[in-house]
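Q: Each chain is listed here by its residues.
There are 2 protein chains.
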Amino acid sequence: MKKFINQLDDVLVESLSGFAKAHADLVSLSLAPHFLSRKEAARNKVVLISGGGSGHETLHAGYIGYGMLDAACPGHAFTSPTPDQMLAAAEAIATDKGVLFIVKNYAGDVMNFEMAAEMLSVENATVYTSDDCAVINSTYTEGRRGVAGTVIVEKCVGSLAETGASLAQCQALGDKVNQHTSSIGVALTSCTVPAAGRPTFVIGEDEIEMGVGIHGEPGRRRARMQEADAIVKDCVAAILADWQQKKLSLPDKHETLLLINGFGATPLMELYLLYHSAAKQLQQQGIRITRSLVGNYTTALDMAGASISLCLLDDEIKQHWDSPVHTAALRWGC
Amino acid sequence: MKKFINQLDDVLVESLSGFAKAHADLVSLSLAPHFLSRKEAARNKVVLISGGGSGHETLHAGYIGYGMLDAACPGHAFTSPTPDQMLAAAEAIATDKGVLFIVKNYAGDVMNFEMAAEMLSVENATVYTSDDCAVINSTYTEGRRGVAGTVIVEKCVGSLAETGASLAQCQALGDKVNQHTSSIGVALTSCTVPAAGRPTFVIGEDEIEMGVGIHGEPGRRRARMQEADAIVKDCVAAILADWQQKKLSLPDKHETLLLINGFGATPLMELYLLYHSAAKQLQQQGIRITRSLVGNYTTALDMAGASISLCLLDDEIKQHWDSPVHTAALRWGC
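The listed protein sequences derive, respectively, from chains A and B. The first sequence finishes on residue 334 if you use my numbering, and the numbering steps up by one all the way, no holes. The second sequence finishes on residue 334 if you use my numbering, and the numbering steps up by one all the way, no holes.
Misleading hints may appear alongside valid ones.
Heads up, simulated DSS-like pairs for lysine-lysine below, C-alpha to C-alpha not over 30 Å straight-line [said to hold, decoys possible]: (1) K2(B) with K2(A); (2) K2(B) with K21(A); (3) K21(B) with K233(A); (4) K253(B) with K176(B); (5) K176(A) with K233(A).
For the record, the hints were derived by calculation from the structure and aren't laboratory data.
Chain A on its own, in the form it takes in the complex (with noise of 0.2 Å):
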């Protein structure tokens, strides 16, 4: 393994110390426990607090600022967050408008974000992702996975939330975006996690896997390495069957937003790629795509590989994608 680290215990807090440092028009760094919070704590709105383990990065931390995130959570690569790390973040920054978790759907996630909100005093929500349609159930979750349809999700919630809107239009606001959007991976090579030292998985020099997940837990398959518009064939097939089992309609003028995400060692040139290929698959499907959005914002630490996410927009989805956001990862408007 060779990777830019000191010590290993060393890993997360020098990493979140550079970001805090880097960004310090934008956030604030508390060591004990770990959290990164807005550099002003935002009043009179719902606050929103999302998290999970290092490793996705610009995920989560790279979300919190105006029009999105108001704190993050960071446990040690691909290791959740322990519950006091959301309990000092929730009591540091809540408002009277409650809190809002954001959580991708992981066992270890779920569980210490529960125990969190019981904890915590203050009137609090949970909107949990769970957009990745390549599995039910996995290795490390019930249900679906949550994925790179998550940064869609604190987005929107995070454009309503500055509005003044209560936790529970926030809340159903989550819950629908994370509806409209579908999610699906495909890995190249393992990714390694530096406590691990060695490769997560094994996987032969001409295979690839199919709907794999953030930590490079299996998908739907091991399947042989084909050409890019083939992977991306069955991606499309996946999420539009994904969509027609959620009977989600697509009217004439219907808008979607298409996100290809890389996982962390796959060229931007392979990403756009990729968009290129599945733009013209999803339009030859008669899919009309008006907003797009290519790079690294739900990694996989050092995987090569991407997943392909579509969420399909109504107006107060599109309005709120489009509305200002300032934040070290998304930024436009202001």
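Following the hints, put chain B in place on chain A, whose structure we already have.
A: Just chain B, lined up with the frame of chain A:
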């Protein structure tokens, strides 16, 4: 080699098509010959055109837009664009104020941009970037290489050009920013050019290449893998020695921009850890860091590694770094 591609011959066009489609609000793509330019051509300003081999994304196409480039000419992966591309781009968008080419100092790029400049009937000038202080002369260069500091040059000159400044003023600022910026990179792994199909160079499990170029060309030395702090120490020493050699004077209240640039396959977690280490060590040496950028801004396809760039800001450079920019890869104030 496992990559998200279809036919080798189609990689560039498919990737550019994806980029142009995903950023259709910002750029237009011309295919014969290949160049990307602003959706709406600017008027009454010096036109800025850059380019180079593909595989360094988000350089250069990611920097087309208000406050930065007017056009970018992409070659195949790690291959210079040909003069007809620069000539076509310049002829398509030139204004009376002239054309400024921004060229990384690599022999192929220099030759082809020079040929285009000679053929172009419009007044033009060229800024050559050479921020890499690792080596003088290299596999593909006479003199120093132009690397991630090019982003800072393009940002600042792009800002000045929007004010209606003259060709000579834009060229002078570009030369100054280049002179004020030193960079050095380190590779943990090789990259793989699609057309080659195998790693560009061989590197042992316990080795790193200190001072690597952005195509994997050799740097100062092959070293043993070390802790991040030790690697950064070497890089910081190289940069500060270069500043001394350049006779850059540091007033008490000086300010600097610290750029930690990923080469493509290094997780953000590690880039922020490097930022933490570099900022700490620079501060110990009396350097004041007041601007920061961390991410994949000048990559080397799927190479694991990173570079450190430090730019000495004066009032003029700072003003043009801070000014509004709206491109695919850098956006603020718009």
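Q: State for each hint whether it applies.
A: Hints versus structure:
1. K2(B) with K2(A): holds, 20 Å
2. K2(B) with K21(A): violated, 36 Å
3. K21(B) with K233(A): holds, 19 Å
4. K253(B) with K176(B): Given pair K253(B), K176(B) holds - Cα atoms ~19 Å apart, limit 30 Å.
5. K176(A) with K233(A): Given pair K176(A), K233(A) holds - Cα atoms ~26 Å apart, limit 30 Å.
The structure is inconsistent with hint 2 alone, although it conforms to all the rest.
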